[in-house]
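Asks: So the chains spell out like this:
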Amino acid sequence: MTADLGFGMTLVALVLAVYGGAAAGVGARTGRAALVESAQHAALGVFVLITACFALLTYAFLTFDFSVRYVATNTNLGTPFYYRITGVWGALEGSIILWSWMLALYTLIVVLRHRSTARELYPWALATMLGILAFFLLVMTVAAPPFQRLTPVPADGRGLNPLLEDTGMITHPVALYLGFTGFTVPFAFAMAALATGRVGDAWLALTRRWAIVAWYFLSLGLLIGGWWSYHVLGWGGYWAWDPVENAAFMPWLTGTAFLHSVMIQERRRMLKLWNISLVILTFGLTLFGTFLTRSGVIASVHSFTQGAIGILFLSFLALVLLTALGLVAWRWEVLRSQGDLDSVVSRESAFLLNNVLLVAAAFTVFFGTVFPLLSEAVRGVKVSVGAPFFNQVNVPLFLSLIFLMGVGPLIAWRRASLDNLARNFLWPVVLGVVAAAAAFVLGVRSSLAALAFAAAAFVLATIALDFGRATRARLRAGESLLPAMGGLVRRHNRRYGGFVVHLGILIIALGVTGSQAWSVQTEMTLRPGETAELVGYRVRFDGLTAVEESNHFKVVGAFTVSNGRVLGVLRPAKKFYPQEQSPIAYVDYRLGLKEDIYLVLGDFARDGRQATVKLQVNRLVSWIWIGGAVLTLGALLAILPDRRATA
Amino acid sequence: MTKFIVGGAVIACALAYMIYAGVTQSVVYFVTPGELRAAAVPGKAYRLGGMVVPGSLKWEPRTLDLSFALSDGTATVPVRHKGTPPDLFGESRGAVVEGSWVGDGYFRATLIMAKHSEEYKAPHDTSAAGYKELIKTLRGDGR
Chain Z
1 MTADLGFGMT
11 LVALVLAVYG
21 GAAAGVGART
31 GRAALVESAQ
41 HAALGVFVLI
51 TACFALLTYA
61 FLTFDFSVRY
71 VATNTNLGTP
81 FYYRITGVWG
91 ALEGSIILWS
101 WMLALYTLIV
111 VLRHRSTARE
121 LYPWALATML
131 GILAFFLLVM
141 TVAAPPFQRL
151 TPVPADGRGL
161 NPLLEDTGMI
171 THPVALYLGF
181 TGFTVPFAFA
191 MAALATGRVG
201 DAWLALTRRW
211 AIVAWYFLSL
221 GLLIGGWWSY
231 HVLGWGGYWA
241 WDPVENAAFM
251 PWLTGTAFLH
261 SVMIQERRRM
271 LKLWNISLVI
281 LTFGLTLFGT
291 FLTRSGVIAS
301 VHSFTQGAIG
311 ILFLSFLALV
321 LLTALGLVAW
331 RWEVLRSQGD
341 LDSVVSRESA
351 FLLNNVLLVA
361 AAFTVFFGTV
371 FPLLSEAVRG
381 VKVSVGAPFF
391 NQVNVPLFLS
401 LIFLMGVGPL
411 IAWRRASLDN
421 LARNFLWPVV
431 LGVVAAAAAF
441 VLGVRSSLAA
451 LAFAAAAFVL
461 ATIALDFGRA
471 TRARLRAGES
481 LLPAMGGLVR
491 RHNRRYGGFV
501 VHLGILIIAL
511 GVTGSQAWSV
521 QTEMTLRPGE
531 TAELVGYRVR
541 FDGLTAVEES
551 NHFKVVGAFT
561 VSNGRVLGVL
571 RPAKKFYPQE
581 QSPIAYVDYR
591 LGLKEDIYLV
601 LGDFARDGRQ
611 ATVKLQVNRL
621 VSWIWIGGAV
631 LTLGALLAIL
641 PDRRATA
Chain R
648 MTKFIVGGAV
658 IACALAYMIY
668 AGVTQSVVYF
678 VTPGELRAAA
688 VPGKAYRLGG
698 MVVPGSLKWE
708 PRTLDLSFAL
718 SDGTATVPVR
728 HKGTPPDLFG
738 ESRGAVVEGS
748 WVGDGYFRAT
758 LIMAKHSEEY
768 KAPHDTSAAG
778 YKELIKTLRG
788 DGR
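Quick mapping for you: the protein sequence lines, in order, are chains Z and R.
Using the numbering used here, you'd call the opening residue of the first sequence number 1 and step up by one each time.
Using the numbering used here, you'd call the opening residue of the second sequence number 648 and step up by one each time.
None of these hints come from the bench; they were simulated from the model.
Treat the hints with care, as some may be off.
[Unchecked claim] Below, in silico cross-link-like pairs of lysine-lysine (BS3-like), each with a Cα-Cα straight-line distance of 27 Å or less:
1) R/K691 x R/K705
2) R/K691 x Z/K382
3) R/K691 x R/K650
4) R/K705 x Z/K554
5) R/K729 x R/K705
[Stated by the list, open to error] Which stretches of chain R does chain Z cover? Using the computed rule of at least three CB atoms under 8 Å from a CB of chain Z, they are:
6) 668-676
7) 708-722
[Claimed, not checked] Derived CB-CB ranges, DEER-like:
8) R/A686 x Z/L421: 41 to 47 Å
9) R/V653 x Z/T117: 42 to 48 Å
10) Z/E523 x R/I652: 52 to 58 Å
11) R/G752 x Z/E523: 24 to 30 Å
12) R/K650 x Z/W332: 23 to 29 Å
13) R/S714 x Z/T522: 16 to 22 Å
Note that beta-carbon positions come from the ideal geometry of N, C-alpha and C, so glycine has one too.
Construct the entire structure; sequences and hints are all you get.
Replies: What follows is the structure, given as structure tokens:
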């Protein structure tokens, strides 16, 4: 009953989306406003229907309605309330609903916000969004239907994948999908710009904040993913260059490039073609990512369900790219830029270089991810490149990008004079050199780490210099210190939001550098009372206890951590789920600004007489999460309504 | 404009070189025990996949020495590793190890990846009883 109702609603939504997309397209071509209005109603209808589907599925999870196959495979009677809700998007079918729901939500917001402000572009954008929505609804009806009847109805379900029983399950997919689907809006307006031939600034101005929102959610999704793998997976890392991580990282890189190149077009009327291409690329990469993770063509630790869905996504990706490139070719003449680059030493060049490096990094990640496929197809040899490849190629790129983060915002437009360079960069360069020297004196022997510190000090100095100068100008105008600073930030929120985001990225970069350069670990088997030692920390094994939870058993080790004085007791565990073949590690840690103490329970004797533990001291990792908070602040500041434009 | 074209070309070449160097230095070859036995180059990085031979698994918790043999049905390769076996690892199960062939006739693994079967096992009584017994021993009331 539930399954039939849900499936019926999905079908109606699909029909509505197809109709709405067609109506908006025809309405845009013929200028018939009634058709566009009808498409708006269709968009609203689609949103209501998908919301109802989502609510229905959630209800089925909460009431253990095992007559729905998806519910039976992803929950069981022991699943706690909280995870019955997150279980809704715990597997493929449900995550497609979540995805479609967000897309429908974005479509509705586009209707509400832009239907009267962007008369020419809006109908085409609506047609594009409804078209993409129709594709996802098609996936929901034919390839991955969440509403499928299961007969006979089982007495109990199989249960959620235990790794997904974590608070990260609510925030990580939601943030990531909001990011992925968010890039549909800039893409839709780019298509509208191509369709109407209005490839000037209008579509950029309309989508700038959309792009920041999407970019922010994608960043947040990546960071939460890092936090999740750090505190759940038990290998003490936050990033592994896994194909699934790469799939989310590639659109982040090209999206970042887009956020920067937009400024060049606004200011200098250049890079029109480049901006359109970046949006198409970013949107294409979000589809490619889904294809990659769902098709099973590349082995990954994220063991997702596989199936025909891969082919569907690949075909849709091909269709999107061909259509977009066809439109670009058709509008080739108007996409030629009006401005010209004047000098290699200018803000335009710095931004251009930033874009080239970001796209190069995206290409590197792409190449490394699909390399096994390429190699097998071309040479018939099964190979792979792991983390060393990605690190080796990307670290120089990222270091250069951080350096440019200091140059770009301050260097003069068009042509920077020697005087301009000295005025803006003399002190930051000096500070950078001092930072590198200080790092060396303090015992840093890794040249990459020293370079990272130098670049960070340089960027920090440029931000301080710029902010200090602007504040001083206001002070001279008679304002007092705090209102001057506040007013500055509020009035130029986009510029200073950008600076704060840069600061966040800088902090994240320091955390990554520190954890890569100085983390240490050891592994030992201890008897009760024995201690393991690592860089001044002593970890004493106190014993094992067993605990029975609603849907699993748990073996918990108690370890007293001290460094001269007792710091506390860590309790890493192993969880045994009846439906799983093997136990799942549950790590325990003590976070700190300087270093985290991180403990994983490995093997243990059944009589509790010994336990093997992996002890890690991970340096500066907390700064990655702090940087994420700073980045959030900056992104919020940047999307505030522009004071100067509206005042 | 020429300067930009030259600059772009320089960046493209540098990137191509970095990718080339990165690939040649960190490429890992997938082999089966049979393939490794046929042509093993000592010191070269391999990813070896096979089934853990029943009865071959030895784990010394005090020294953290782990040794086992991987087989693909045609050939068997002895593997040694330092560290706790991962959760999904066990005899008669699939495993992929990364490391290199040591001249002395064994494979030195630096990384063990147990193969996760996608399917969930339906909860059945024997395993549940096994866990219950485990819990009992740990609590101390089984003795």
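Asks: Against each hint, give a clear statement of whether it holds in the structure.
Replies: To see whether the hints hold, each was checked on the structure:
1. R/K691 x R/K705: Holds: R/K691 and R/K705 sit about 25 Å apart, inside 27 Å.
2. R/K691 x Z/K382: holds (15 Å)
3. R/K691 x R/K650: violated (43 Å)
4. R/K705 x Z/K554: Holds, because 25 Å separates the two Cα atoms, which is no more than 27 Å.
5. R/K729 x R/K705: holds (12 Å)
6. 668-676: holds (count 8)
7. 708-722: holds (count 3)
8. R/A686 x Z/L421: 41 to 47 Å: violated (58 Å)
9. R/V653 x Z/T117: 42 to 48 Å: Taking Cβ atoms as reference, R/V653 and Z/T117 lie about 44 Å apart, which means the hint holds.
10. Z/E523 x R/I652: 52 to 58 Å: For Z/E523 and R/I652 the Cβ distance comes to about 54 Å; the hint holds.
11. R/G752 x Z/E523: 24 to 30 Å: holds (26 Å)
12. R/K650 x Z/W332: 23 to 29 Å: Taking Cβ atoms as reference, R/K650 and Z/W332 lie about 25 Å apart, which means the hint holds.
13. R/S714 x Z/T522: 16 to 22 Å: Given range 16 to 22 Å: holds, Cβ gap about 21 Å.
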